[in-house]
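K.L.:
Sequences are here, hints too, so could you generate the full structure?
So the protein sequences, as listed, match chains B and R.
My numbering numbers the first residue of the first sequence as 1385 and each following residue consecutively.
My numbering numbers the first residue of the second sequence as 120 and each following residue consecutively.
Hints may contain errors.
[Stated by the list, open to error] Distance condition first, Cα-Cα at most 20 Å in a straight line; then the derived SDA-like pairs of lysine to any residue:
#1 K439(R) with R1535(B)
#2 K1483(B) with I759(R)
#3 K764(R) with V1439(B)
#4 K1534(B) with T767(R)
#5 K764(R) with G1443(B)
#6 K548(R) with N499(R)
#7 K764(R) with N1456(B)
#8 K1483(B) with T767(R)
#9 K1483(B) with L765(R)
#10 K635(R) with V605(R)
#11 K764(R) with L1466(B)
#12 K548(R) with N1430(B)
#13 K1483(B) with N427(R)
#14 K764(R) with V1482(B)
#15 K1483(B) with S761(R)
#16 K764(R) with E1481(B)
#17 K764(R) with R1490(B)
#18 K1483(B) with I518(R)
#19 K764(R) with D1421(B)
#20 K1483(B) with G768(R)
#21 K1534(B) with N1430(B)
#22 K658(R) with G781(R)
#23 K764(R) with G1538(B)
#24 K1522(B) with N1418(B)
#25 K439(R) with N1450(B)
#26 K1534(B) with V704(R)
#27 K764(R) with N1450(B)
#28 K693(R) with L682(R)
#29 K1483(B) with N430(R)
#30 K548(R) with R1459(B)
#31 K764(R) with K1522(B)
#32 K1483(B) with E423(R)
#33 K764(R) with D1480(B)
#34 K1483(B) with G781(R)
#35 K635(R) with K548(R)
Derived from the structure by calculation, the hints contain no laboratory data.
The residues making up each chain are set out below.
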Amino acid sequence: MDESTQINQKRSYELEEQIQVVAFQLGQEEYAVNILDVLEINRLLNITRVPRADVNIDGVINLRGNIIPIINLHRRFDLEALEDDDEQRIIVFQFDEVKAGIIVDRVSEVLYLNRSQIEASERVYSAMDSNFIEGIAKVDDRLLILLNVKRLLGIESL
Amino acid sequence: MKMDMSQYLDIFLEESKEHLHSLNEKLLILEKDPQDTAALNEIFRAAHTLKGMSSTMGFDDVADLTHHMENVLSDLKQGELAVSTDVVDILFACFDRLQMMIDQIEKGSSSPSSDNADLIQALEAIKDRPAGEPLPGIEAELLEKSRDDGEQASFIFNEYDITVMKEAISRAFQVYYLKVAVHPDCLMKSVRAFMVFKILEEEGEIIKSNPSAQDLDEGKFEGYFELVYLTRLAQEEITTRVNSISEIELEAIQEINLEHVNREQDSVGRQEQPDEKEEVQASGPVPDEGKARKVKQTVRVDIERLDNLMNLVGELVMHKGRLEQIGQTRQVTDLNETIEQIDRITTDLQSVVMKVRMVPIEQVFNRFPRMVRDLAKELNKEVDFYIEGKETELDRTVIDEIGDPLVHLLRNSLDHGIEPAEERIKQGKPAVGTVMLRARHEGNNVYIEVEDDGAGLNAENILAKAVDKGLIDAKEAKQMGMEEAVDLLFSPGFSTSSTITDVSGRGVGLDVVKTKIESLNGEIFVDSTPGRGTRFRIKLPLTLAIIQALMIGIQDEVYAIPLSSVDETTMIQKSDIKMVQNQEVMMLRGNVLPIFRLAQLLELPETEQKDEMYIVVVRKGERQIGLMVDTLIGQQEIVIKSLGKLLTGIPGIAGAIVAGDGNVRLILDITTLF
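P.N.:
If you want it as structure tokens, here you go:
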């Protein structure tokens, strides 16, 4: 697919101390997900609304013949989407046979995080539903919210 | 079993099953026609191969049983024993046992434990010769073969071959006949054959082989193979070269005299020939080169890969659509021509991929002759069983499901349909009953029929039984005719057999058959003439993955409604809609039809009502319902896709399709929509 970034999941660089993440922007906040969960990052494709589905589900897309549900994190996290549509991307995740995507306002970069840079979430967010927040990473003067995608998608319950 | 064998286990199982299958098939033929030496040879070959394979793999019980079978078979072959019912029966019993053991092996048992002493004893008893005489294994077969003198007689040369040989001889080449034996324990026969070819072709040319090079390549040969070899090497040199390969032995080498070779037109009266000749005839004027048996070549492919392929083709089609759009806006002649080509190719590709998923129904039908035979014996009835159209192709998924319903119908025919011989004679019918199993294509459907010339359905009996079972009461029964009675046959809890037999009276009725067929999107019909017979007809879609759908538009969304649930479409005026008990209805040919607004059902925002609107009349069970839509787009073949785990169980949505423009469209599920 044009302009898509295929990320090879097999090359696990996961060392004890470091994890590689994809950082992206949702509204004014910056988030990150473990790169091993990411199947690919794609330009925005036409989304077909699925009536009667969960409100947090925007609809489904066709990714090379596969039907993939798209979850609306803006609604889920109660965030305003940025105006600039051009930078919007779909990040598609894969866990075994379950595939799902999220729309992000911008994909910033792929970077390594040291475990020591990550602060456990309980200490940061105590009230909000932080089940799917794994921690907060501090990179220079940026704060990255590390998401646990499995929990976010409800594939793995707590 | 030793670890190092495990990698061959799959191959062993696959091949064993194939051999068992051919064993079964040929036994049936042999039973019908005891003179059929081709079938007997085939049985012998199958048993022999099974023996070799199983002993290599260390399944001694299997090897032992096949060994004893082989002894009896070889007596049959040599005419020292006549093919009689008891012989065939015991061979069938052996077959069953083998199948059981192979199944056990498949289930993971390292050594199938089965006490075969009974069968072995029976086999021994049948053999009237003193034990120990027949040379077991490969030697026996080879000995037997070499008894025919003039070995190269097994080759038949056509004009082309002879020209080649003459040419070679004129260039000081020699023409040799080689017979190469492969060690019976050799696991990689094809590799050995390849090595022989390689070493020989360094210094000459192999112009013919038996079996054909292709079969050799796939290891489809037993014990030895024969070659015609052109070379300048001396006989001794060839012998050393060939024998240098391990597990290989040059059994015979002979110079071929061109004067004495078999020309193609000479029919060769070799004992081994008949089955092969038959095959050649069947395949038309094929040159004799593939003298080895013509085997249909297949590759086993994971169905998932096929689905993947289908997806990719779908993607291709979608991008082709985009290209077409670009072509239209740019108006570049060259581009448009290319796009037309791509269009043609993708269409072909699509239909090929669809076809790849299709499997001949033969797979299912093949197990029935044996089943019918056994059943007939068990029920003490005489039945001729015919199969027609086993080459009819169906989607893989349907094939996997259709077996059980057919078993049930066949059992029904034999058990309830065909009468005992005395009764048939009394009624002036031939004593031997007939059961037919037919499959054929018709449009986008496949019809499978099970027909018997038995007693036929008796409406009175059926109704009486239904009253008996409390399905209907006596009053209802009086008003019912044949049609209603037949319907009752398919209702749960109904079984016409007056005595519970082992065969079909196990409490599983035709309702199960009907449910299964319907789950495959099929239908089942019955026609019956009392006293003349019954015919069950099953109508199945060619494939489950592709269905016909009506595409409809509502606001700016498009949905697909499976055509199987659409009765008709109609256009109405705003004024045609009436309110009855808070429900919008319209009159359709004198009937009241409730109307649902699809936009509302699908949570779309309310829009201004148009004066004219389309109604799609859909069927939900017995009920008809009108769905109000904005536009009718048309009928289309769609490939159903699942919405995935995260979106399962949404009422009203059956799945999704990828439309030609690359967008996802949803398929409505009428039964759960409202």
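K.L.:
Decide, hint by hint, whether the structure agrees.
P.N.:
Tested hints:
For the hint linking K439(R) to R1535(B), the alpha-carbon distance of about 38 Å lies beyond 20 Å, and the restraint is violated. As the CA atoms of K1483(B) and I759(R) are separated by approximately 18 Å, the hinted pair is consistent with the 20 Å bound. Under the criterion of a C-alpha separation no larger than 20 Å, the hint pairing K764(R) with V1439(B) is consistent with the structure, at around 16 Å. Of the pairs offered as hints, the one joining K1534(B) and T767(R) holds, with about 18 Å between alpha carbons and a cut-off of 20 Å not exceeded.
Pair hint K764(R) plus G1443(B) holds up; C-alpha atoms about 14 Å apart against a cutoff of 20 Å. The hinted pair formed by K548(R) and N499(R) meets the criterion: a straight-line CA distance of about 17 Å does not exceed 20 Å. A C-alpha spacing of about 17 Å is found between K764(R) and N1456(B), which places the hinted pair at or below 20 Å, so the restraint holds. Taking the CA atoms of K1483(B) and T767(R), the gap is near 13 Å; set against the 20 Å cutoff, the hint holds.
Between K1483(B) and L765(R) the alpha-carbon distance is near 9 Å, which keeps this suggested pair within the 20 Å criterion. At most 20 Å may separate the alpha-carbon atoms for a hinted pair to count; K635(R) and V605(R) meet this at roughly 18 Å. About 30 Å separates the Cα atoms of K764(R) and L1466(B), which puts this hinted pair outside 20 Å; it is violated. Between K548(R) and N1430(B) the CA atoms are separated by roughly 68 Å; this puts the pair beyond 20 Å, and the hint is violated.
Distance restraint check for K1483(B) and N427(R): the Cα-Cα separation of roughly 15 Å lies within the 20 Å cut-off, and the hinted pair is therefore satisfied. Taken as a hint, the K764(R) and V1482(B) pair is honoured in the structure, with Cα atoms around 6 Å apart against an allowance of 20 Å. With a C-alpha separation of about 12 Å, the suggested pair K1483(B) and S761(R) falls inside the 20 Å cut-off, and the hint holds. Between K764(R) and E1481(B), the direct Cα distance comes to roughly 8 Å. Compliance with the 20 Å bound is thereby established for this hinted pair.
Distance restraint check for K764(R) and R1490(B): the Cα-Cα separation of roughly 27 Å exceeds the 20 Å cut-off, and the hinted pair is therefore not satisfied. Distance hint between K1483(B) and I518(R) is unfulfilled; the C-alpha atoms sit about 29 Å from each other, more than 20 Å. Between the alpha carbons of K764(R) and D1421(B) the distance comes to roughly 17 Å, so the proposed pair stays at or under 20 Å and holds. Distance check on the hinted pair: K1483(B) and G768(R) sit about 17 Å apart at the alpha-carbon level, within 20 Å; holds.
Restraint check for K1534(B) and N1430(B): not satisfied, since their Cα atoms lie roughly 24 Å apart, outside the 20 Å limit. The hinted pair formed by K658(R) and G781(R) fails the criterion: a straight-line CA distance of about 33 Å is larger than 20 Å. Restraint check: the Cα-Cα separation between K764(R) and G1538(B) comes to about 11 Å, which is no more than 20 Å; the hinted pair holds. Restraint check for K1522(B) and N1418(B): the C-alpha separation of about 15 Å stays at or below 20 Å, so the hint holds.
Of the pairs offered as hints, the one joining K439(R) and N1450(B) holds, with about 18 Å between alpha carbons and a cut-off of 20 Å not exceeded. In summary, the hint linking K1534(B) to V704(R) is not supported, as the alpha carbons are separated by about 47 Å, beyond the 20 Å threshold. For the given pair, K764(R) sits about 13 Å from N1450(B) by alpha-carbon distance, which is consistent with the 20 Å threshold. The hinted pair formed by K693(R) and L682(R) fails the criterion: a straight-line CA distance of about 26 Å is larger than 20 Å.
A distance of roughly 16 Å separates the Cα atoms of K1483(B) and N430(R); the hinted pair therefore holds under the 20 Å criterion. Only pairs whose Cα atoms come within 20 Å are accepted, and K548(R) paired with R1459(B) is rejected, the gap being roughly 77 Å. Between K764(R) and K1522(B), the direct Cα distance comes to roughly 35 Å. Violation of the 20 Å bound is thereby established for this hinted pair. With a C-alpha separation of about 16 Å, the suggested pairing of K1483(B) with E423(R) holds against the 20 Å cut-off.
For the hint linking K764(R) to D1480(B), the alpha-carbon distance of about 11 Å falls within 20 Å, and the restraint holds. Taken as a hint, the K1483(B) and G781(R) pair is honoured in the structure, with Cα atoms around 19 Å apart against an allowance of 20 Å. Restraint check for K635(R) and K548(R): the C-alpha separation of about 34 Å exceeds 20 Å, so the hint is violated.
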